[in-house]
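With the hints as your guide, set chain B onto chain A.
Going down the list, the protein sequences come from chains A and B.
Under our numbering, read the first sequence as residues 1 to 229, first letter to last.
Under our numbering, read the second sequence as residues 1 to 218, first letter to last.
Quick caveat, the hints were computed from the structure, so don't treat them as lab data.
There is no bait here: all hints are sound.
Here are the simulated SDA-like cross-link-like pairs (lysine to any residue), alpha carbons at most 20 Å apart as the crow flies:
(1) B:Lys163 / B:Ala174
(2) B:Lys163 / A:Arg207
(3) B:Lys163 / A:Leu201
(4) B:Lys163 / A:Val200
(5) B:Lys163 / B:Met175
Just so we're clear, the structure is a prediction, and the values are computed from it rather than from any experiment.
What follows is each chain in one-letter form.
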Amino acid sequence: MHIPDGFLSPQTYLPATAAAGLAWAWAARGLRRSLDEETVPRLAAMTALAYGLGLVMVPIPGGTSGHALGVAMLGLLFGVRLGFLAYSLVLLLQSLLFGAGGITALAVNALAMGLAGSAAAAAAFGALRRLNETAAVAVAAWVSVVLSGLFVALALGVQPLIAHREDGTPLFFPFGPAITLPAVLIPHVFIGAGEALLTVLVWRFARARKWLTPPAGGRGAGGEGLERA
Amino acid sequence: MRATRWLLAYLAAVVAVTFIHAPWLLAALLVLALAASGAGRWRIARRAVLAVLTFNLTVSLGYAAVSLWQGNFSVVYLLLVNLRVLLMVYLGFWFVARVNLLEAVRFSPTLGFVVTLAAGQIEAFARALRDFRLAFASRNAAAPALSARARHAAAQAGHLLDKSVCMAAETALAMRSRGAFDDYAGLPSPACVRGPGGEVGPVWRPRRPGVVTAYKKP
Chain A
1 MHIPDGFLSP
11 QTYLPATAAA
21 GLAWAWAARG
31 LRRSLDEETV
41 PRLAAMTALA
51 YGLGLVMVPI
61 PGGTSGHALG
71 VAMLGLLFGV
81 RLGFLAYSLV
91 LLLQSLLFGA
101 GGITALAVNA
111 LAMGLAGSAA
121 AAAAFGALRR
131 LNETAAVAVA
141 AWVSVVLSGL
151 FVALALGVQP
161 LIAHREDGTP
171 LFFPFGPAIT
181 LPAVLIPHVF
191 IGAGEALLTV
201 LVWRFARARK
211 WLTPPAGGRG
221 AGGEGLERA
Chain B
1 MRATRWLLAY
11 LAAVVAVTFI
21 HAPWLLAALL
31 VLALAASGAG
41 RWRIARRAVL
51 AVLTFNLTVS
61 LGYAAVSLWQ
71 GNFSVVYLLL
81 VNLRVLLMVY
91 LGFWFVARVN
101 LLEAVRFSPT
111 LGFVVTLAAG
121 QIEAFARALR
131 DFRLAFASRN
141 AAAPALSARA
151 RHAAAQAGHL
161 LDKSVCMAAE
171 TALAMRSRGA
181 FDDYAGLPSP
191 ACVRGPGGEV
201 GPVWRPRRPG
211 VVTAYKKP
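Looking at chain A on its own, in the form it has when it is part of the complex (with noise of 0.2 Å):
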């Protein structure tokens, strides 16, 4: 799903450049307060963690399969600040060492799928929670999946009806969101599925290992999520 390099015209980069900026700020404030020999290891976990979840296969009805993002899980098990950044520098390391995404659409990528993709799950699993977890928690994932496509589509969308030349030729991206909104979001409503499977396997296994505590507000769904009970 990443955006790579190339394809985002300066307009919409530098101000997304300029408002992950300030949640990178907001997402780090907390932690830099608190920042001690269990947060930062920590930290430094979840992104490896992030980043072997983008590793792991997700299988789509078909027989084919396509990558887990793994920000729900993140987003569930550890709150929203901790996803985002943690996905936030899983992103900036795929794309200086793997070529994968791009430092330009660093940002766009960090705030569709690490803040859109971590705070719709966490929205969606306190919503639904009360009606059935093991649901509420597949609903969270598959929206994070699919929310995500869609800010990602978007963003890919915009770029001929903002960059373009005088004849209406593209400077950057050339399909309009007649495009891609379904080239992205079709697969992407697969992908959920077979994210919102996945993430409920591991929620389980991570309350069967008693890394949940008790939901306390604010921080991820789970409390402080990898606290061992």
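Below, chain B without anything else, positioned relative to chain A:
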């Protein structure tokens, strides 16, 4: 700080490239980058081409099909977008090949520290997942069912979660045993602590403010 300057130069270069809309200029800059990047140029170029191939081919073929159908095909656009993406990815790989990324992010001790830890752990995770995949392939002579693949994906994700918790605890213990959290306890904020070369030293707060540590930096 030299690495940090390279990082800033790289960032300025990729931003500047997005303001160039002339394919011939992008081609010239690509040739210039190839010429300047020394003996490893073809290895970097091969990596860059492989990294962009799938996405760019999809977009280029899609654009060609749609624009030919609509009657507004532009070969200049295809050259522009492919040269721009290739140049930006080439610059990224050249930067990483030339500069130690961990040195480059030293301007922020926290970022440098987290990137160091994460990059090391990513290697361990990638190795573990490769082992998982090989084991899964060896257990399934025929194509596995959807449920088996879902269980396999969940087992991998669960293992990664487990491993990350263990690694975080292990790293915290290793850092504590080396005094990483105690060395500068009680000293002013990081910006005020500079080494003999003027570099900002990593400063970690003790878990509880005011705690008396066993070891003080001489």
